[in-house]
Amino acid sequence: MGEVVLARIDDRLIHGQVMTKWSKGMGTNALFVVDNATAGDPFMKDIYTMSTANSGMNIKVFSNDEVVEYWNSTNFENNKAIVLFKTIAAAKEVIDKGLPIKRLNLGGIAKKSDSKFVIPNVAVKKEDFDILKEIEDKGIEVFFQVVPDSKSVSLKDAIKKY
Numbered sequence: 004m005g006e007v008v009l010a011r012i013d014d015r016l017i018h019g020q021v022m023t024k025w026s027k028g029m030g031t032n033a034l035f036v037v038d039n040a041t042a043g044d045p046f047m048k049d050i051y052t053m054s055t056a057n058s059g060m061n062i063k064v065f066s067n068d069e070v071v072e073y074w075n076s077t078n079f080e081n082n083k084a085i086v087l088f089k090t091i092a093a094a095k096e097v098i099d100k101g102l103p104i105k106r107l108n109l110g111g112i113a114k115k116s117d118s119k120f121v122i123p124n125v126a127v128k129k130e131d132f133d134i135l136k137e138i139e140d141k142g143i144e145v146f147f148q149v150v151p152d153s154k155s156v157s158l159k160d161a162i163k164k165y
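When we follow this note's numbering, the leftmost residue of the sequence shown carries the number 4, and every step to the right adds one.
Calculated directly from the structure, the hints in this document are not laboratory data.
Glycine included, every Cβ here is placed at the ideal spot set by N, Cα and C.
Keep in mind that the hints are not guaranteed to be accurate.
Simulated crosslink set (DSS-like; lysine-lysine; CA at most 30 Å straight-line) [to be verified]:
(1) K154 / K83
(2) K154 / K119
(3) K48 / K27
(4) K83 / K159
(5) K128 / K105
(6) K105 / K136
(7) K114 / K128
(8) K164 / K128
(9) K129 / K141
(10) K27 / K105
(11) K128 / K95
(12) K164 / K24
(13) K114 / K27
(14) K159 / K27
(15) K119 / K163
(16) K48 / K95
(17) K141 / K119
(18) K136 / K89
(19) K128 / K115
(20) K89 / K114
(21) K48 / K105
Restraint-style ranges between C-beta atoms, simulated for each label pair [said to hold, decoys possible]:
(22) K100 / E80: 18 to 28 Å
(23) M47 / A113: 16 to 26 Å
(24) K27 / K154: 37 to 47 Å
(25) K27 / P103: 15 to 25 Å
(26) T90 / D140: 13 to 23 Å
(27) I162 / G59: 15 to 25 Å
(28) K27 / E130: 17 to 27 Å
(29) K119 / S76: 37 to 47 Å
Given these sequences and hints, build the entire structure.
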């Protein structure tokens, strides 16, 4: 049976930090991109799955519904996966539909006019904290951390910093 080793919100999805820092040392053998737009774009889907062919990782691209269906039908087979989301809303939707996530990392969210940096490279809106609190209330650890060797900031501390 597979598992979600880590869920991560990063609007860049797969990039160097994910490939070299997060996937190493966690016992992962798969990266699952979960993004409706990317899953619906055959060209982008191919770019993600083919560009990492030499990594030795199993790379899949799913819509929000497809990843839940894959879990329900296969329990992710033997994949120990990092699941990557572009948005907090997408992560919440998939969690609400039953994907078993234990840890949710916020590691790369670009600054927008109505957001503030909580840690470098992670900017959120005030209302995002309500969504993240709902996620945490389900027993999921929510934390902010760009790379594994940087300081981890809990949701509670992030709210204080905001």
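Okay, the hints, checked on the actual structure:
1. Taking the CA atoms of K154 and K83, the gap is about 24 Å. The hint holds against a cut of 30 Å.
2. Proposed proximity of K154 and K119 is supported: the alpha carbons are some 18 Å apart, at most 30 Å.
3. Restraint check for K48 and K27: satisfied, since their Cα atoms lie roughly 23 Å apart, inside the 30 Å limit.
4. Distance check on the hinted pair: K83 and K159 sit about 28 Å apart at the alpha-carbon level, within 30 Å; holds.
5. At roughly 23 Å between alpha-carbon atoms, K128 and K105 fall within 30 Å of each other, so this suggested pair holds.
6. Proposed proximity of K105 and K136 is supported: the alpha carbons are some 14 Å apart, at most 30 Å.
7. Note on K114 and K128: the hinted pairing holds, with a Cα-Cα distance of about 9 Å set against a maximum of 30 Å.
8. For a cut-off of 30 Å, the pair hint linking K164 to K128 stands: about 13 Å separates their Cα positions.
9. Proximity of K129 to K141 is assessed by CA-CA distance (about 20 Å); at most 30 Å being required, the pair is judged to hold.
10. Taking the CA atoms of K27 and K105, the gap is about 19 Å. The hint holds against a cut of 30 Å.
11. Taken as a hint, the K128 and K95 pair is honoured in the structure, with Cα atoms around 15 Å apart against an allowance of 30 Å.
12. A distance of roughly 26 Å separates the Cα atoms of K164 and K24; the hinted pair therefore holds under the 30 Å criterion.
13. About 28 Å separates the Cα atoms of K114 and K27, which keeps this hinted pair within 30 Å; it holds.
14. The hinted pair formed by K159 and K27 meets the criterion: a straight-line CA distance of about 27 Å does not exceed 30 Å.
15. About 13 Å separates the Cα atoms of K119 and K163, which keeps this hinted pair within 30 Å; it holds.
16. Restraint check for K48 and K95: satisfied, since their Cα atoms lie roughly 22 Å apart, inside the 30 Å limit.
17. Pair hint K141 plus K119 holds up; C-alpha atoms about 25 Å apart against a cutoff of 30 Å.
18. Straight-line distance between C-alpha atoms of K136 and K89 comes to about 18 Å, which keeps the hinted pair within the 30 Å bound.
19. With a C-alpha separation of about 9 Å, the suggested pairing of K128 with K115 holds against the 30 Å cut-off.
20. The suggested pairing of K89 with K114 holds, with an alpha-carbon distance near 13 Å, which does not exceed 30 Å.
21. Distance check on the hinted pair: K48 and K105 sit about 26 Å apart at the alpha-carbon level, within 30 Å; holds.
22. At about 19 Å, the beta-carbon gap between K100 and E80 stays in the expected band of 18 to 28 Å.
23. The hinted range of 16 to 26 Å is satisfied by M47 and A113, whose Cβ atoms lie roughly 18 Å apart.
24. For K27 paired with K154, a C-beta distance near 19 Å fails the hint of 37 to 47 Å.
25. Range check, K27 to P103: about 23 Å between beta-carbon atoms, so the 15 to 25 Å window is met.
26. Between T90 and D140 the C-beta distance comes to about 19 Å, which sits within the given range of 13 to 23 Å.
27. In this structure, I162 and G59 break the distance hint of 15 to 25 Å, their C-beta atoms being roughly 38 Å apart.
28. A hinted range of 17 to 27 Å is violated for the C-beta pair K27 and E130, which are about 34 Å apart.
29. Distance hint check: the CB atoms of K119 and S76 are about 40 Å apart, consistent with the given range 37 to 47 Å.
Consistency with the previously given hints fails for numbers 24, 27 and 28, ordered from lowest to highest.
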